[in-house]
Amino acid sequence: MSEENIIEVKNLVKKFGNFTANDNLNFSVRKSEIFGFLGANGAGKTTAIKILCGLLLPTSGEVNVAGFDAFKQRNMIKKNIGYMSQGFSLYEDLTVKENIEFYAGIYGVKRSVIKTRLNELVEKLHIHELKDEFVKDLPLGWKQKIAFSVAIFHKPQVVFLDEPTSGVDPITRRQFWDLIYEAVDDGITAFITTHYMDEAEYCDRISIMVDGKIDAMGTPTELKRLYNAQNMDDVFVKLARKQEII
Amino acid sequence: MDSSIVINNLIKSYGSLRALDNLNLRVENGGFYGLVGPDGAGKTSLMRIITSLLLPDDGYIRVAGLDPVKDYKKLRLKLGYMPGRFSLYQDLTVEENLKFFASVFGTTIKENYNLIAPVYSQIEPFKNRRAGKLSGGMKQKLALSCALVHKPEILILDEPTTGVDAVSRREFWDMLKDIRSKGITILVSTPYMEEAVLCDTISLMFDGKIIDSGTPNEITSHFKEPIFVVKTDFVRSLLKIIREMPCLKSVNSFGQTLHVVLNSDDCGAKDVSEFIKSKCSFDFQIEPYSAGIEDCFINHIISRKK
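As they're listed, the protein sequences go chains A and B. Under the working numbering, the first sequence has 220 at position 220, and the numbering climbs by one with no breaks. Under the working numbering, the second sequence has 520 at position 274, and the numbering climbs by one with no breaks.
The hints are simulated quantities; they were obtained by calculation from the structure and are not laboratory data. Yeah, the Cβ is synthetic: ideal placement off N, Cα and C, and Gly gets one too. Among these hints, one or two may not hold up.
Claimed, not checked - Only some residues are given here: those of chain B computed to face chain A with a beta carbon under 10 Å:
#1 383
#2 405
#3 488
Make a model of the complete structure from these sequences and hints.
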């Protein structure tokens, strides 16, 4: 992990009418870091992620992602990030190979490069037979692994993972994390949300949002010590119980 | 009547895919039963057959003493069902939704208010809000109120806590315990292994099969292999090293620790310790451990694959 910041957020505010979804957020994410972005449902995580991905304009503040400004250079942000959600963005009626070629093409990866990287990916994931299958015929765990590989195929600087492991079995969930570690070792930064609290502990640093604000930030070890908790689940519950939420 | 749900040799296929493969299940009257497993294990198919929404291919099923295929009309009056996907009317208000479900079952909110009160009272201040405008946690409470309003004998909930944050999950399980204490039998499914211990009895499901059943304590007592926990600040590095160890069955990360399972009693903590030290100089501690439900689940899947 280097000292270079890949995401910088200062005094970020996002309002929808009278409602403040992001209330003065401040944080930065370092290059090659795994940053866990946690919070209760409705805390404002999705809004913040949309801003970081260049999909939504902030109301005020300073936001810089992969060297680009979230007010003025939103299209440049989109080109330099990858995104994967629990809903998957793969086309069910295309094969694995076709999906990869389609997405890489959109991101402007050259044909010759696509070919080389596709072969590397097939070797790495051992998907020689799987690559010509329709995505709809794949088991859930494979869909998730392929969706992640597609999200980082154009070698983005940072990849946003929105609850990527929802619903998969405990072994596949851990294999998925192995892929994240590999991507990070290759220099990609991972920004991840999850409801599995054991996964929060696999992150280098985490932030916890409550009611539009970041209430806690640090390494898992620091937070457990600070809240005198056995695990991240306890930290999360102690933080959220400070305020009455419905 | 001693058992609420009895299932023997149940089979259900979709084309060439066998979704439920010779399943046996027994949920006692008044029980709190959990189906634990990932997506695609067959949990939803099983629940839809129990609730008479899906026809089985073969097997014996009795729910509240009735056959879901022949007696579905009578059976549905006795069941409360909360499907995995939010399925209330988004354009009706909170109160209208609840009134609708009550009237379909020929009852009123007032008649069973005591039963739904612990859940419904939390969203009652918003009773004039449209269901589509509710937060995720509130939708969930409304769906539970609607499933309970006719005072069912058996409440069936399909992954009520999936995608819900850790705090709201705990609150939801507290509500279920309260409902159970009023004599309603509960069958609930979840992909979160740590929630299994909140049930009296559970079945671990994978690939259309039940891989183990019993109380959470019984299931963890079935874990026979030696298991140890390794505590270290270098989880990722030690994970790679331990994977190369002889006599290893599996090593898995659990938060900032590693759980190491060995193939036989001939190996022990000392062997693991010596192996790690021969490969690196990272600090670590190793201790005996008693397996949890997730350890058991992983162990079953690995044993089946071998």
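Let me know if the C-beta of residue 488/B comes in closer than 10 Å to any C-beta of chain A, holds or violated. 13 Å, violated
Was the hint right that residue 383/B lines chain A, CB cutoff 10 Å? 6 Å, holds
Cut-off 10 Å, beta-carbon criterion: hint that residue 405/B touches chain A: 8 Å, holds
Consistency note: the structure conflicts with earlier hint 3 alone.
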